[in-house]
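Trainee: Each chain, letter by letter, is given below.
2 protein chains.
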Amino acid sequence: MIAVLAGGIGAARFLQGLLSVHPPSDITIISNVGDDAEFFGLHVSPDIDAVLYYLAGLADEEQGFGLKDDSFRVLDAIARFGYDTWFRLGDADMATCLARTDLLQRGKSLSEATAELADALVVPATIIPATNDRLRTKIRTEDGIVDFQEYFVKRRTEGHAWEVLFDGVDDARPAPGVIEAIAGADSVILTPSNPLVSIGPILAVPGIRETLATTDAKIGAISPIVGGKALKGPADRMLRDQSLPASATTIGDLYKDFLDVLIIDNADAELETEIEALGLEVVVTDTIMSSMDKKAALARTTLDAVSKNS
Amino acid sequence: MIAVLAGGIGAARFLQGLLSVHPPSDITIISNVGDDAEFFGLHVSPDIDAVLYYLAGLADEEQGFGLKDDSFRVLDAIARFGYDTWFRLGDADMATCLARTDLLQRGKSLSEATAELADALVVPATIIPATNDRLRTKIRTEDGIVDFQEYFVKRRTEGHAWEVLFDGVDDARPAPGVIEAIAGADSVILTPSNPLVSIGPILAVPGIRETLATTDAKIGAISPIVGGKALKGPADRMLRDQSLPASATTIGDLYKDFLDVLIIDNADAELETEIEALGLEVVVTDTIMSSMDKKAALARTTLDAVSKNS
Numbered sequence: 020m021i022a023v024l025a026g027g028i029g030a031a032r033f034l035q036g037l038l039s040v041h042p043p044s045d046i047t048i049i050s051n052v053g054d055d056a057e058f059f060g061l062h063v064s065p066d067i068d069a070v071l072y073y074l075a076g077l078a079d080e081e082q083g084f085g086l087k088d089d090s091f092r093v094l095d096a097i098a099r100f101g102y103d104t105w106f107r108l109g110d111a112d113m114a115t116c117l118a119r120t121d122l123l124q125r126g127k128s129l130s131e132a133t134a135e136l137a138d139a140l141v142v143p144a145t146i147i148p149a150t151n152d153r154l155r156t157k158i159r160t161e162d163g164i165v166d167f168q169e170y171f172v173k174r175r176t177e178g179h180a181w182e183v184l185f186d187g188v189d190d191a192r193p194a195p196g197v198i199e200a201i202a203g204a205d206s207v208i209l210t211p212s213n214p215l216v217s218i219g220p221i222l223a224v225p226g227i228r229e230t231l232a233t234t235d236a237k238i239g240a241i242s243p244i245v246g247g248k249a250l251k252g253p254a255d256r257m258l259r260d261q262s263l264p265a266s267a268t269t270i271g272d273l274y275k276d277f278l279d280v281l282i283i284d285n286a287d288a289e290l291e292t293e294i295e296a297l298g299l300e301v302v303v304t305d306t307i308m309s310s311m312d313k314k315a316a317l318a319r320t321t322l323d324a325v326s327k328n329s
Numbered sequence: 020m021i022a023v024l025a026g027g028i029g030a031a032r033f034l035q036g037l038l039s040v041h042p043p044s045d046i047t048i049i050s051n052v053g054d055d056a057e058f059f060g061l062h063v064s065p066d067i068d069a070v071l072y073y074l075a076g077l078a079d080e081e082q083g084f085g086l087k088d089d090s091f092r093v094l095d096a097i098a099r100f101g102y103d104t105w106f107r108l109g110d111a112d113m114a115t116c117l118a119r120t121d122l123l124q125r126g127k128s129l130s131e132a133t134a135e136l137a138d139a140l141v142v143p144a145t146i147i148p149a150t151n152d153r154l155r156t157k158i159r160t161e162d163g164i165v166d167f168q169e170y171f172v173k174r175r176t177e178g179h180a181w182e183v184l185f186d187g188v189d190d191a192r193p194a195p196g197v198i199e200a201i202a203g204a205d206s207v208i209l210t211p212s213n214p215l216v217s218i219g220p221i222l223a224v225p226g227i228r229e230t231l232a233t234t235d236a237k238i239g240a241i242s243p244i245v246g247g248k249a250l251k252g253p254a255d256r257m258l259r260d261q262s263l264p265a266s267a268t269t270i271g272d273l274y275k276d277f278l279d280v281l282i283i284d285n286a287d288a289e290l291e292t293e294i295e296a297l298g299l300e301v302v303v304t305d306t307i308m309s310s311m312d313k314k315a316a317l318a319r320t321t322l323d324a325v326s327k328n329s
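Chains C and Z supply the protein sequences, listed in that same order.
Counting from 20, one number per residue, gives the positions in the first sequence under our numbering.
Counting from 20, one number per residue, gives the positions in the second sequence under our numbering.
Wrong hints could be hidden among the right ones.
One copy or any two copies: either way a pair holds, since identical chains are not told apart in the list.
Said to hold, decoys possible - Think about it this way: if two alpha-carbon atoms lie no more than 25 Å apart in a straight line, the pair counts; the simulated SDA-like pairs of lysine to any residue are:
hint : residue 1 : residue 2
1    : Lys157    : Asp323
2    : Lys313    : Pro264
3    : Lys248    : Glu182
4    : Lys127    : Ala316
5    : Lys127    : Tyr102
6    : Lys127    : Thr104
7    : Lys275    : Gly226
8    : Lys237    : Ser90
Derived by calculation from the structure, the hints in this document are not laboratory data.
The whole structure should be built from the sequences, with the hints applied where relevant.
Mentor: Next comes the structure, spelled out in structure tokens:
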């Protein structure tokens, strides 16, 4: 059994590879919900939906988020009613959010709603939100604390991110099955995702990090930082904003209390020794997922690295 | 001051004429809400929206309901999640319903939400729902009691409508301003709408029919039945289902406890004497609103008929 801690696009792309080389029924995906938000009264779960759409073959992989060939008719029309429309929720994407919101309104948990959406989209792996409670990532900017989506989408991650906060985290409990998936796994994989705002909110849910530290599973992470740069998104700048070097070593350092093995890119081969000095195994490979073959190869290498026999 | 009791499309078409010949600021439209429904978790108010869309110049006048040039992208996508899609809510129409639902969720009343939507769509008259409380028209069919939209849209009004029920009506209070608008009006107009399911739910709200009976306003209705047929919709069959003749005389009979004048079509001129025998004034005119000129002419004739000096 494999548990995967997953953020957004990087996770979705890695999981495409993983599900192509490993039986999906053995995989439990634990998704970040810190970037969940409400727009137009709808509950939007961007990271859950990114994983759903990529695994269902519906994702707009060029743009990264949303569904391919989506349109924006509702968004255009709702602008009339004074709503901000900088969060570009497409029509088909909105249908997912409508269904989720309807399920939540009818008393289902986010877990249950996610399972129903995944079933409807014929996604074969199990996807669980890290928590069913309200946990919202906020960013302290020079203009004060803003919601994650405002920082990420409206402000296009411009400006200094002084602090990353997880609103509600103290009262958040792991969703049913999260602790069991980690504690009972043979292997745990942290996808190549932003450590601060994609993996960070998962680790911040009380009980999850502790379980990672005590599980018998072998735990591996793929560095989202390659050659000092984030492959996608603002992870490199955000690390520097926290006075942390933007390097694969920092990824190892952030996870070293529970991590066994860090998978880094060939471009970072010279970091192997300093990462090993953190007490971690290191696997050096090609982590650039520029094709389905490369996604599958990275998944295979990762599976080998987190196998207890390796 | 004029108060208008309004159903759906017939009301919307009549109001286009009325607002073209009378200052909109003097007009309070009291809308049926018995055909409100929830679809996809959204609060749909078809009669309020028909009036809004027609008066805002956005209506799909060919189809009757919805917005012109609307698309169905969300509907197509939400079908994936197991939702019935026989209620063909277009994308722009859905934006209205999203905004309404969001306003209601944030604690606004249906009156307040309606006022905000009307403002946003630049509709110049005041539109008030008959009640802010939950009042739902149900139809007793041969298969049991069904929601109005199921009878009207899904079943296309096929089959016998044994009974029209107003679920929740006993606890429904007139929305703020409804009683004042009727009691304080110089004239009250009942639009050419289905008496059972469009005007009926308004009259059934405790206090409204009583206020119509006691107001000093002169009250007129335009018959939606012409030559024994409903101009649009199932009013003729529904009347016969209640063992009532489908005729303008029946319209007068249904309203005679508060009505002063019934406006009937030239085609029904021979009914004048029997309607007068109900104690009503009768005005015979062209009630077929086949052009904007004819809508305006019917509005003028109606205004004359309900003028206290006439």
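Trainee: Decide, hint by hint, whether the structure agrees.
Mentor: How the hints compare with the structure:
no., hint, in the structure
1, Lys157 <-> Asp323, "neither (36 Å within a copy, 62 Å between copies)"
2, Lys313 <-> Pro264, "neither (27 Å within a copy, 76 Å between copies)"
3, Lys248 <-> Glu182, "within (20 Å within a copy, 70 Å between copies)"
4, Lys127 <-> Ala316, "neither (38 Å within a copy, 54 Å between copies)"
5, Lys127 <-> Tyr102, "between (27 Å within a copy, 16 Å between copies)"
6, Lys127 <-> Thr104, "between (28 Å within a copy, 22 Å between copies)"
7, Lys275 <-> Gly226, "within (17 Å within a copy, 71 Å between copies)"
8, Lys237 <-> Ser90, "neither (43 Å within a copy, 51 Å between copies)"
Comparing the model with each earlier hint shows violations of hints 1, 2, 4 and 8; every other hint is respected.
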